[in-house]
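Kindly produce the complete structure, drawing on both the sequences and the hints.
In the order they appear, the protein sequences are chains H and C.
In terms of my numbering, the first sequence has 702 at position 702, counting the first letter as 1, and numbering is strictly consecutive.
In terms of my numbering, the second sequence has 780 at position 46, counting the first letter as 1, and numbering is strictly consecutive.
Keep in mind the hints are simulated off the structure, nothing from the lab.
Positions of the beta carbon are idealized from the N, C-alpha and C atoms, including for glycine.
Check before you lean on any hint, since a few could be wrong.
[Unchecked claim] Here are some chain H residues pointing at chain C (derived, C-beta under 7 Å):
1. 97
2. 98
3. 102
4. 103
5. 276
6. 277
7. 287
8. 291
9. 720
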Amino acid sequence: MMQGVASSDEMIDRSGRIRTPWVPVLEAFRSIGHEEMGRRAAALNKQVRLAAPYGVVAQHRYDPLPAPLTATEFALLEAGIKQRAGVLNSLLEDLYGRQSVLQNGLIPPIEVFKSRHFVRSLCTGTPLATPRLSLYAADIIRGIDGRFQIVRDHTGIIPSFGHALTLRRVASGTVPELFRAGGLRSLRPAREMLVDHLQRDSQGGMVAILSASAGSPAQSLDMMDDALLARALGVLLIEPGDLATRGGALHVKTLSGLLHVATLIRGLSGIELDPLEQGGRPGAGIPGAFGAIRAGVLNMLNAPGSSLAEVPEIAAYVPQLFETFCGAAPLLPAAKGNILTSASKAPFVDSSGLLSTPLMFRLYGWHDGTGWQVLPGGLAFGLNEAGTPTNMKDIWVLDADEPHYYSGVSHSEPQARVPFLPAAHLPSRMADNLFWLGRSVERLEAAARLLMLALPRLEAGTSLPRDAAERSLITRCLAKAQLLPDDLASGNISGRLLRQSLARRKPMAALLREVTRLVNAASERLSPTMLATVQLALDQATTALVPDEEQALPTILGFAATFAGIAAENMSRDGGWLFLEMGRRLERAEAFAESLSILLDAPPERLEPGLALGIELADSVLSYDLRHAGILAPGPVLAMILADSGNPRSLGFQCSALRWSLDRLGADDDAESARLLHTEATKLASGIADLSAPLGAIAARLRLLSDRVQRRFFTLLPEAHQLEDEEEVMAGTS
Amino acid sequence: MIYRLHHATIYEYAEPVLLGTHFMHLVPRTRPGQTIRESVLDVSPTPDNRRNEVDHFGNFTTTVSLTNPHKQFTVALSATIDVAQPAPPAPASTPGFEQIAAASINRADIAEYTLPSALAAPNIELAAYAKTSFPAGEPILSGLLNLNQRVFNDMTYKPGVTNTATTASHALKNRVGVCQDYAHLMIAALRAVGLPARYVSGYLRTSPPAGQVKRRGADQSHAWVSAWIGDYAGWVDFDPTNNLLVSDEHVTLAWGRDFQDVSPLRGIILGGGRHTLRVNVDLDPVLT
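As structure tokens, this is what we get:
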């Protein structure tokens, strides 16, 4: 299997024996078998990807086998990383402060001043509230001589940190056999220390990950990793548009108002981050961020401009700086020559078994206010022919050099202790997206339901007065629901005409696109399972719509049912779910009240066609038949579709569900409005005359309630604009 | 010469501004030959938050935020400034420009100004333009005075045809603009031959000394060029818009690589609708 490998191999030593740390790994692999291992690898990849925000493509493949390091090896690396991170931070503090390295000629000044990574706005002369380098990652190989060597530093955005904190937890579920041995150092204490440090440093302010979403003007290095990191640390994931500067500090708009953000872990480039000082569109950055950092009211990890230390032009001088900044030679030498040929190799799971691939370690460190800490783990990457990291695996740090494997103790990663994230901290943007997602799914379902009701009736109608009345009512409902263009809505239309209109205008496809967009926008609040299921059902519905909108209607109803079912089963009833629920209830109530105001717009003696359609539209035919033996009478019908609190499609049910949600969110006055609407709907059920106008009024009041909900919860930060200095010159400069 | 400086900037908005944050370079800096005796920057309405800082170039910056709705925003600077630029050495006695270019590259405090910047980046045409003033061995100050005069002669002064984003190469091509374009052109030409040059924003005295012509750019914000001529004399300023070697008619506000580093007033506002802007500048000698 691993014949003919060079001397630098992670798994096999010079005498051809399996190195001790690899023995249990290989044992597990043998016991699972390579075919099953291939399936486990696929499962692992799927599991990690499910954690990604919707629409984000994962950049790596995940390998289920770890890369184990002994305690001694890790101790070497740990010391080297602490030393290196300290030197790099000193370098950054100097470049943004006294610039002695430039004055002493240790780095040619030109190299710094010409770099776009040198952010002049952060030249303060003195240190910031937190070290400019607070998070650090190093790419390291084990060279031919067996020594670890530095390939590159990461001092700006820290890549894949979220993966490093997540991969093991997922792998312990997909390849539990690997975790039976003991002696593996847990990531949990380190992660908890990091979280504690971040929160302590924030002094009551919030900690958040600064990222971007698919639709935002900002660009994130790796949105998926940002999302994983936010989950692993139990902090908010936000984007520039969520933030506002008030009184010189940054705030995030949440359901509980503006909350002070004290610490941002930066997933975006820091080079052009502050439109106030650097110009550019306000929405693409955070106006006032630089001033807040300089004033010490915002910690940004890492500080903008910290990537200066990792760019090749500056990195080339780093080895000579150790003497100046720490008075010692580097513990980890720089890698020289072709790293592909010098890097040690390690096995990766492949379709044919194990594939020995050049390996690069990535280790992570952070400054905890007093010194550097190194994560006892990290990621190891398989390098392809171009030297690009492709496959990613977990680094295991063992407790000892001769680990006590097979101790019989089951040792899987303990359950994460993630700090509680109150619903009140839900960003307004997210609440808004969930609310509209609820509305749009309901709108899609209502449209499908109405078309399924309309098409056969418009097709098979006779010229009898009852059928004619029914067709007229349906046409009006279709027009109201904007499923028919205005020019067709005046007369009675045929099934053929409706089909032609559907084929031409494709209203269902448009509704489904809106649902897709909102699922995308809200994906970070949907659980991986829910997201996967919803995505599958969405794909099916989208595919079904391509040939023919009519044929796709059952698939679309299937999607809506899947969505509703999984939301009910998989979402906790916190802030996020409440907004999804409110959106659905408001949309259903409003659309149903509007349809009924059309269907019941007739004198009592001619109510029957409208009642029949109404009960069908409410999907309550079966219940009604069971209860009333199919005899259509206004009283029972109205009771069932307006007042019945046990019927999830009745108007009353929607109003009382709305009231419950609004109550939960503390919106007392709006909850009272919903209660009054419920009373009104119940009252209407007892009369049979003149129902149309009051139902229209209920629909109008529901629209008002929807507006109020939006104003109350989602008033997004309005878009700011740049006050052009253009005119300054036109008016003032010579 | 002692000056009294007043600079008022008044924005009037059609609709109330709900929130405004402004970043300003409006407090004059100190420099060799310039002492600030007194300087007050009044902001109205009174900001909720105000920060006075010093930027990378040593300029004073002021950041204010206003959270109460307002329809007018005023920034008024009043300052008393003592200006006395030392006379530069005799041009012929100054070092050859190549020597200055070679020395500046390794100087942590100078090197930055030899490099291209967004609005003052050299190109082949700018290099050719500069070469005429800097033949081999040309003493630095002679070359600078010659270039200053040529920019003055070659450009046509015309407000309103360029804007704050106009580049030096554009200025060379079209040969028209305002002080900012004159300055950018000269800076980029100097950088094209490896010389350090910076953009200076400031003010020019309102009425010229007795018997002199009215200067371009008086009553307004003004801009000119500062060039390094070696350790002996340091930075010397040139005003290509008026073909002047800067002595005691100019008050320096701030400097940087080009206009973008010293933009007097940037702001992000919410609301406001359309706005009008008025600027008043007075720089008068104090009679002593």
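Each hint tested on the structure:
no. : hint : in the structure
1   : 97   : 11 Å, violated
2   : 98   : 10 Å, violated
3   : 102  : 4 Å, holds
4   : 103  : 5 Å, holds
5   : 276  : 5 Å, holds
6   : 277  : 5 Å, holds
7   : 287  : 4 Å, holds
8   : 291  : 5 Å, holds
9   : 720  : 5 Å, holds
Of the numbered hints listed earlier, those contradicted by the structure are 1, 2.
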